[in-house]
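With the hints as extra help, turn the sequences into a complete structure.
Spelled out from the first residue to the last, the chains are:
Protein chains: 4
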Amino acid sequence: MCTITIWNEFRHEREDEEAAAVYPDGIHEALATVFTGEEAEIEDGIEYDVRTATLDEPDHGLTEDVLDATDVLLWWGHEAHDEVEDEVVDRVQERVLEGMGLLVLHSAHYSKVFKRLLGTSCSLQWREDGGTERLWVVDPGHPIADGLDEFIELPETEMYGEPFDVPEPDRLVFTSWFEGGEVFRSGCCYRRGSGRIFYFRPGHETYPIYENAEVRRVLRNAVAWASPTAGAPRSFGERE
Amino acid sequence: MCTITIWNEFRHEREDEEAAAVYPDGIHEALATVFTGEEAEIEDGIEYDVRTATLDEPDHGLTEDVLDATDVLLWWGHEAHDEVEDEVVDRVQERVLEGMGLLVLHSAHYSKVFKRLLGTSCSLQWREDGGTERLWVVDPGHPIADGLDEFIELPETEMYGEPFDVPEPDRLVFTSWFEGGEVFRSGCCYRRGSGRIFYFRPGHETYPIYENAEVRRVLRNAVAWASPTAGAPRSFGERE
Amino acid sequence: MCTITIWNEFRHEREDEEAAAVYPDGIHEALATVFTGEEAEIEDGIEYDVRTATLDEPDHGLTEDVLDATDVLLWWGHEAHDEVEDEVVDRVQERVLEGMGLLVLHSAHYSKVFKRLLGTSCSLQWREDGGTERLWVVDPGHPIADGLDEFIELPETEMYGEPFDVPEPDRLVFTSWFEGGEVFRSGCCYRRGSGRIFYFRPGHETYPIYENAEVRRVLRNAVAWASPTAGAPRSFGERE
Amino acid sequence: MCTITIWNEFRHEREDEEAAAVYPDGIHEALATVFTGEEAEIEDGIEYDVRTATLDEPDHGLTEDVLDATDVLLWWGHEAHDEVEDEVVDRVQERVLEGMGLLVLHSAHYSKVFKRLLGTSCSLQWREDGGTERLWVVDPGHPIADGLDEFIELPETEMYGEPFDVPEPDRLVFTSWFEGGEVFRSGCCYRRGSGRIFYFRPGHETYPIYENAEVRRVLRNAVAWASPTAGAPRSFGERE
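Protein chains in written order, with UniProt numbering: chain A, 1 to 240; chain B, 1 to 240; chain C, 1 to 240; chain D, 1 to 240.
Simulated from the structure, these hints should not be mistaken for laboratory data.
Be aware that a few hints might be false.
[What the hints assert, rightly or not] SDA-like, lysine to any residue: derived pairs with alpha carbons at most 25 Å apart:
id	chain 1	residue 1	chain 2	residue 2
1	B	K115	B	T63
2	C	K115	A	G237
3	B	K112	D	D170
4	D	K112	B	E94
5	A	K115	C	K115
6	D	K115	D	P228
7	B	K115	B	G147
8	C	K115	A	R234
9	A	K112	C	D129
10	B	K115	B	E79
11	D	K112	D	D86
These figures come from a predicted structure and were not determined experimentally.
Shown next as structure tokens:
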């Protein structure tokens, strides 16, 4: 059993017609189907327990109880990063260090949570031009690439370009090619404490990226990869 | 099902009384019990298929068929590294790049196979003094450390000291403290191609190191970690 | 010309007799002599411009002007980490991302600045027992090890032990052996943005560690290594 | 003073009209001008001592004396990798481990020397289509990127595509975008022993890539980066 909590800002889909047309129930509900749909049952043989949480719930839906019960947290945010309370950021950080997995999606590169865990600005270049993107698998031996082809092609998407101000990833799984002439490190693995973190670029609010079967496959692979393992004691403090 | 092939030089145990006393059936047979014994059945829930191969068999016991069927190869050698045929080294390297896991044990730091895959001399300092070693878990979140305590203590062992001429490990899991005043990076993770490689220091031929329950636990954890994953295509050559 | 700013909490030396006996003018002044003393002039051929700053000065002595003019910042703190203003931490982080070098010394592992840049708790184990420490050079090819012997021995010091809750270092230069049975990753290199960060363990307030010639050598080597380089543009934002 | 040895296979330029038209004196002589031309004198303030060596000289021009005197070795090869004697490969590897820098250029990804030091197949995808390449600086803080703009554009070149079967680089400096839809890790830093290795993709024999001012700048930056440093002793063997 793998318990997943999908966190979504859930503003665009309520305020913006274009986003509402693509994700009428919110991006979190679309992401939930990645783990509850038929393809998950057929492919993975894992039983997922999926919950969602959003910015405007009390504690942004991320109480200590919720986080304690979460194996892997997915995070999608864009226009309201600053409204996330520092106390909740502290809580998420602490849980990641203890072993909770974290998937940081698309514009969440600018989330407080990601910046806190990486220590850099997490800035990048961008252009909303609806051009084609190819996510090349540069690490075909990585479990996050299980079952993929050489690349994933997204016909219409927003461009993210280098430089991407993040620490050198532990492993780089995907590098994107954009029609307009840019490249981007689109699948970056990190460890912080006992927790595994995966940044995955795809996912704009006005393109139906999360319906793409290979993107969905990556999300399930990444959840499996980021799931906590037993490990050894993290004992700190004075030693006799 | 995880298919393990345990390769052993198998010379000390046939030629040297002291080694024969500790490992009368050979180190390979002692290592086999790590995966076939009761503790494996209780702890792991994995079904292991264990084979052994030794230097003096034809092809050193490592034909293409054997390697093709192997998920993880364990390698123990010491005094006869040079007798391993280059053709077999090529074969092992190729299989590792394709995804086969490899555990390199103790004095096999000097094996042709390890040097081939790492590209360095793999030299170190050593002293056969029977002093105490403590293998500290420096990466408690790593699955190879699952179920361990803060450190593993080996009361009597050979010392290996830094500098250890290997590339900076992808992940460092253990660092050893030696009674005589030295330290050593004792558990080093690497990836080459799609294959996972783990160097694990413990294992002298005249100390019963492979009877230690925690060392055995590490070996099983490392086999699980090094097992091949599906991945994406490794396609090379001219592209249309 | 290399402009160094040495930041010190400067409390122990004013409040605690034992510390005052070892560092009567403050640890910052003792560290300044590393770069202004005869040995620096003979060995390095670099002209250093050395400034100091302390917690109880306005802005903790770290105004924008001071930081803008600083090539490498040294940071020593212990009992008053929480008194460092977040605004100053923001400023230091931003300058590091832009390229300023940072040396984090001893108990400053727990400084806000270090935790901000690494994203982890930076916790460890410790024991104030005055035992012997040996800092082994595990990366003899690293410029921070220039001119050293195999190890640096400190006859009396505080123990720091693993696990050390930091991201896997980009390069590990030193690993410490402690008489009492522990090990520690004592010299850790990181990059964040364009800035180079070096954590260096030695330096307790009641042992005259900063008088040790090899520790002083390491500090100068580390300043040279951490000095900013020209680089390429860090351009972020919307791209046409 | 930095002593550079430029090794070139030097076959295409003698046997193939197209290559001879671009590099009439051989690629090695074109590369030599990177360090002896006016731009080097103006920009770098380093005195270079430049030598060349080619496949068909005795010992391929790489005697022990030549290598002992070399700070950084550049390597260009393409169609005759197999003709390089293993004894010379051993010698180059040993010198790199001792600290000699190595720049591996373009099709030399398949050289024996590079494969020996990395331990992988170093395979990739390619297409000789004369399309446009953009080498994006993904690590603007790296000294190899000093003085560059956001990217280097090469109007006509051969394509190299992922996957590139190399170990995860210590630092990735450039990622290429190709007009035809591919990406490639074009500037990869490694350390082996005390030696620094930089793989740099540009450089086909039938395009005048080595006349590009920014490519030339990168080559000089990389030589500076790869130059040996003093370090600490590499002492191996039995320890008393």
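Hint check results:
{"no.": "1", "hint": "B:K115 - B:T63", "result": "holds (21 Å)"}
{"no.": "2", "hint": "C:K115 - A:G237", "result": "holds (17 Å)"}
{"no.": "3", "hint": "B:K112 - D:D170", "result": "holds (24 Å)"}
{"no.": "4", "hint": "D:K112 - B:E94", "result": "holds (16 Å)"}
{"no.": "5", "hint": "A:K115 - C:K115", "result": "holds (12 Å)"}
{"no.": "6", "hint": "D:K115 - D:P228", "result": "holds (21 Å)"}
{"no.": "7", "hint": "B:K115 - B:G147", "result": "violated (31 Å)"}
{"no.": "8", "hint": "C:K115 - A:R234", "result": "holds (17 Å)"}
{"no.": "9", "hint": "A:K112 - C:D129", "result": "violated (40 Å)"}
{"no.": "10", "hint": "B:K115 - B:E79", "result": "holds (15 Å)"}
{"no.": "11", "hint": "D:K112 - D:D86", "result": "holds (8 Å)"}
Violated hints, listed in ascending order, are 7, 9; each of the other numbered hints is respected by the structure.
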